[in-house]
Amino acid sequence: MAPALSRTQPRQGMLCFELSVMPDAYAEWKGWSRGDFGRHSRNDARYYAWHVQRALGARAVPWQVLEIGFGNGSFMGWVRAGGHRIVGVEANVRLVDLALQAGFEAMADVAQLDAARRFDLVAAFDVLEHVPAAQFEPLIARLIGLLADDGRVLLRFPNGESPFGLPMQHGDLTHTHALGLSKVRQLCSSCGLRLEHSGEALPWRALPPSRRPGAWLAQMARCAFEWRLRKMYSLPRGLDLWPNQLVVLSRA
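So for the sequence shown, the numbering used here puts the first residue at 1; every next one is plus one.
Honestly, I wouldn't trust all of these hints.
Computed beta-carbon distance windows for the label pairs [as the list claims (entries may be wrong)]: (1) Arg54 - Ala81: 16 to 22 Å; (2) Asp36 - Pro138: 29 to 35 Å; (3) Pro203 - Val61: 36 to 42 Å; (4) Trp29 - Val61: 34 to 40 Å; (5) Leu217 - Arg54: 21 to 27 Å.
Hints in this document: simulated from the structure, not taken from any laboratory.
Owing to the predicted nature of the structure, the values given are computational and were not obtained by experimental measurement.
Ideal Cβ positions, reconstructed from N, Cα and C, are used throughout, including at glycine.
Starting from the given sequences, assemble the full structure and let the hints guide the process.
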């Protein structure tokens with residue numbers, strides 16, 4: 001997502017922040033380039049496939065997908081390559097122009113969508129940490145309102161409950177809000193939502209056969225380390241220490 005340091009009063013839509021950091025400078029810092037817009041690697045495809053399948057299950061295709069804060073378009077490219085329909089919303093109008101040039105349906109504000117339009121999946125990767133706390137609940141409520149029956153919201157953000165998430169949370173001047181599973185559960189309770197899934201790390205079985213033995217060993221070692229760490233510091237049982245957190249929400 002593009003930087004959003006200077007805030008305005010909320011409008012009818014969302015992601016309504018003024019770009020007080022030059023968009024081109026931010027894109028350069030992120031390593032985004034015009035030639036790479038919409039591209040995704042094999043690892044990206046494996047990552048998206050695992051998490052979207054976990055969110056949507058064996059749902060009929062093609063899916064109707066909305067991405068908030070699409071950045072350099074990697075997820076949009078993967079969705080389109082799978083034969084599904086995707087719409088992107090991005091505060092950085094220069095990225096919107098790139099998306100339109102690449103043949104995607106894109107806009108700068110969700111208020112530009114047809115009010116009757118509904119989606120099987122609404123995704124926001126690395127967006128919520130840019131949103132001021134006062135606008136967080138209205139944003140989530142708006143995303144839930146865009147869902148079709150039995151739709152899902154997929155959210156990724158730096159894990160504010162893990163010390164390993166601190167470099168991601170505090171490594172960007174445009175991040176304003178730290179989140180974790182505890183806050184997500186509080187949000188679900190107050191907004192009538194259900195937490196369907198959580199956790200970003202791909203299991204060893206989601207990797208190619210040649211990588212599974214090493215991944216299995218790494219996963220067992222990580223589980224043992226986290227168990228010991230929780231014991232040493234009396235941390236809550238089941239606390240996820242992965243640097244990023246990824247959650248899937250639905251209507252309760």
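ask   = Going through the earlier hints one by one, which of them does the structure break, listed in rising order?
value = Result: hint 3 breaks, nothing else.
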